[in-house]
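These protein sequence lines are chains C and G, in that order.
First residue of the first sequence? That's 1 in the working numbering, and the numbers climb one at a time after it.
First residue of the second sequence? That's 1 in the working numbering, and the numbers climb one at a time after it.
Treat the hints loosely; a few may be bogus.
Using C-beta positions, here's what the derived DEER-type ranges look like [claimed, not checked]: (1) C/V61 with G/V84: 39 to 49 angstroms; (2) G/V131 with C/F54: 23 to 33 angstroms; (3) C/T135 with G/L32: 13 to 23 angstroms.
These are computed hints drawn from the structure, not numbers from a lab.
The beta carbon of each residue, even a glycine, is placed where N, CA and C say it ideally should be.
Each chain, written out:
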Amino acid sequence: MENGQPRSFKIRKIKEKVFLAATMLATLAAIVPLFSLLTYVVIKGISSINLDFFLHCPVPVGESGGGMANAMVGTFIIVSIGCLFSIPIGVLGGLWLAEWGKGKRGFYIRYAVDVMAGFPTIVFGIFAYMLFVLTMKRFSAIAGGFALALVMLPYITKTTEEMVRMVPRSLKESALALGLPEWKVMIFVVLRSAWSGIFTGIMLAVARAAGETAPLLFTAFNNMYWNFRLDQPMASMTVQIYNYAISPFEEWNNLAWAGSLTLVSIILFITLFVRKFSRRVTYG
Amino acid sequence: MNNVAIKYTNRGDRWFQAVAFLLAASIPVIFLTIFAMLLWQARESIFQFGFGFIFSSAWDPVKNQYGALPFIYGTLISSLIALVLAVPLGIGTAIFISELAPAWCKEWIATTVDLLAAIPSVVYGLWGVFVLGPIFGLSMLCAGVILAIMILPTICAVSREVMQAVPNSLRESARAMGATQWEMIKTAVLPTAASGIIGSIVLGLGRAIGETMAVTMVIGNRPSISLSIFDPGYSLSAVLANEFAEASSNLNFSVMVEIALILLVFAVIVNGLARLFIWKMVSQDHSR
């Protein structure tokens, strides 16, 4: 059989094989860094993680021990402030884009959202610095939260728009036919039925915000101690990891790995959980 | 019939729509405010140095001499290295996932690659310092490699999506004409998805330009222009991360803000272009 085929056909077959192998190699090369990174984070992280790490604040150089307890709580608080700003704007803004944003106004807003999703996040930090730090004359958790809100906003807006678009027209129309005013239909029917998808988007935005360092560098800054006041500098996991990572002390570098392990676990958990959850929603 | 039926919208509806519109409109307003504030705070530096700022490589805060060229150079070179590495890998992976991979591992590989995008930048930086650093040295090359890893999921995810949007009839026609799988991809899939793939590359470039922490940690932070990619450099984002909060004078602060402005302009142009490419592609299949 093989012999009966023309030479050019064989060459084409070989080309196909080569190409297939090349894409497989590319895929392999794309995945290897993730495994290397995760291996390092897990191995290096586990060896320096202990209970103290979750219970104590950082200690000065020279003393051993010390942890990131305040930074974990700080990240939680700062991200929550971010949610407070970004969820109402993002969800209602996204709803407007999906329901009424067909014209020119919708086009411009959508374009702004898309471009803002690609802003260097450090620029948000600088913006928050000018708005809050320059006027309050000190670094504060609220400035950090605002900067993170700007990071999250485009994602929440975009997912909400997409999810609201997927709500069947018939559902909206039956609610309207029952005599409900439009605003009630929007809140109790449209947003309600799109909610699981919107929630997925919000959680992904939270995971992203929790991993951001650059917007916090000159807004929430850092803090070696416990702080619950929103108008004071507050520690965050990412900034703390950064400070530990660039320090010349090995013990601090190890703490950076431990912090990375904690942070990556939290973020990957949220991401994977939400992906699984949202898939069930879409196909179920 | 009076116009009760026509003016059925009640007050609640109008309020609700107005509030939703205001919130939606606040996004472009924030966008423009960021620009305006950066311009305003950068005015001192803009008036003092003019366009020369972009082309000068002097950097001596003590003597009040500032030029952004080393940073622009570092940003561009590290981003270009990232593209050279990430484009073939990203598109290769996208082709594999969308066209060739058997069903059982398709989802699995796609998730794994997407997870790369979820890892925080500072963790990439940490890994870069201790794993890539010893191999490449703290250099523009090292920054480029780590950027490549970071933008690969963007390129892969977007080009995968546009390839999957290519109608199956095109693939089937190519196969019916006797094309091999590779010829089908070359003649039917890639040309149809081209605009979106280019968009994904430009989007990846935008990510690379704006990326801060990982680059700051591995690029070496030396404000000089070197032709060798094995030498340390400095990027726009890195100089902001390191020196913005430490600005010693009003002029120094203003210079920092102008650097942020240059970075933002780069990012906006690149992202704006990417969106146009991708939209052109997407609007073909579900035009609203």
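Taking the hints in turn, this is what the structure says about them:
| no. | hint | in the structure |
| --- | --- | --- |
| 1 | C/V61 with G/V84: 39 to 49 angstroms | holds, 41 angstroms |
| 2 | G/V131 with C/F54: 23 to 33 angstroms | holds, 26 angstroms |
| 3 | C/T135 with G/L32: 13 to 23 angstroms | holds, 20 angstroms |
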